[in-house]
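Use these hints to put chain C onto chain B, whose structure you have.
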Amino acid sequence: MRRSKREGGFTLLMAILVSSLVLTLGIAIVSVVRKSVMLSSIGRESQFAFYAADSGAECAMYWDLRHQLFSTSSPPASVDCNAQTVPVDATIPGSFSTQPSIFTFAYELSGRCVRLRVEKRHSFPHTVIHADGFNSRCVEVETNVRSLERSVEWYY
Amino acid sequence: MIPRTDKAFTLIETLVAISFLTIAIIAPMSVATQSLAAAYYARDQVTAFHLAQEAIETVRHVRDGNILLNAQGVQTDLHNRIPIDSLFVLDTRNDAMIQCTGGICPPLKTDGLFYAYGPVGTTDINSTPSGWVETRFTREVLVTYVDAPDEIRVSATVRWKTSRYQERSFTLTENLYRWVDDGT
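Protein sequences, first through last, are from chains B and C.
Residue numbering for the first sequence follows this note's numbering, beginning at 85 and increasing consecutively.
Residue numbering for the second sequence follows this note's numbering, beginning at 83 and increasing consecutively.
Extracted from the complex, chain C is given alone in its bound form:
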């Protein structure tokens, strides 16, 4: 039996314990949940900027390949094989640049090794071949003239879903110049 003087003490003790539990358990729990979302965001952002870099470097690589052709005596337009003024997706393995229909590019797919739209040489970017799964990333490239015909701007936009409702995106741009006289 509790003596008379101790009667209200258990109540205070319980209240203190409950408030402690609330602060000590629920606060770190919610912080951990938010941290998990932030960690996923950081992971996806690293993937996203590498994907954007890959796109820019692929376009640049095609342009540089055309410069080398000119150096070998084969007169080639430096912008040969690069679609201008039309949204496209690319496959870095074979430098394929495929235009998106209706101005909407499909999400990238992966076979666990590469980010592309299927095996090398795939031209149908909208369907998912077996062994490939859709990723959360969409990458689209737009090349426009800044100062025709010698200066182009390459913009690679990567979009990805961070949650069911939220979408993030950023655009990486580079200006490329026709610094070799290709006869155009």
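The following block holds chain B by itself, in its conformation from the complex:
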């Protein structure tokens, strides 16, 4: 078969056109799926962080309601959560009527960090429990790029 000069390279052009079309389609599919996989794993990790925070808040409330641990006159040195004894950092202000007393501590729940802040106030709300849950260990919360945080706050 003899080709005319004008038809030269047409097959190549057609091949490039078709392949770029298919390639674009492929890239589009991959980017959509990649995002949905990321979304689903973020959803899963977010659950880990949330239940770490919730467990932490439960622990703080238990020690507050059952044992009155967060006392402003004799602040606790440590607290027991998830079979771990962790130190409590207490900040007791000079005048309790104007400033809240703040107790902070952190522990891990199956490798997930939870940081707690318990505030004791003179007026309502008398107690504020703030729990920050993470999906990573306490030491790598600030450094891990996949670190995810969920928080709960209880007032009573």
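It should be emphasised that the hints constitute simulated quantities derived from the structure, not laboratory data.
On a predicted model such as this, the values are computed, not experimentally measured, just so you know.
Treat the hints loosely; a few may be bogus.
[To be verified] Restraint ranges, calculated between C-beta atoms of paired labels, are given here:
| # | chain 1 | residue 1 | chain 2 | residue 2 | range |
| --- | --- | --- | --- | --- | --- |
| 1 | C | D177 | B | T227 | 21 to 27 angstroms |
| 2 | C | T217 | B | Y240 | 37 to 43 angstroms |
| 3 | C | G184 | B | L109 | 35 to 41 angstroms |
[Unchecked claim] What the simulated footprint calls covered on chain C by chain B, stretch by stretch (three residues with Cβ under 8 angstroms from a Cβ of chain B suffice, anywhere in the stretch; the number is not a length):
| # | region |
| --- | --- |
| 4 | 98-109 |
| 5 | 129-143 |
| 6 | 224-233 |
| 7 | 257-265 |
Where a beta carbon is used, it is the ideal one built from N, C-alpha and C, also for glycine.
Relative to the frame of chain B, chain C by itself:
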């Protein structure tokens, strides 16, 4: 007839065309196949973590219900109706917690609306009632004491098959406390 100078050109052209076809068709095709599997995985993982959340919230709901009973003056153990140290499955519609025999829990079933083991009140978790079909998900819950008797750990494990051979699973845990004095 092809002139002498053009003789080998068709061969090169064909080779170029074949390599183009290989790259342009087969590569995106295999990528699309892998993407499809990943998309199914993402879909199932979303279902799985919601199932795990449902299990934790059901146990918590039973515990909170017991707290309310105490608040109403009916002295109730906060862990009443929650099996301790034994693997169980649950139905969120009526808070039924049914222990698994032999340490193996059957897969969840669905009627297209709910994930459970049959109509509300079903106690036989191993057979599939009519109108219900087995799903790819298995959900089991284990409650253990961390610090008896006031701290329990609720672990909900969801397992599912991503292909014929591969199985994925994860466990969601929450610690619950007896923060109300129930007299125990």
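Hint compliance check: list the failing hint numbers for this structure, sorted ascending. 1 and 3
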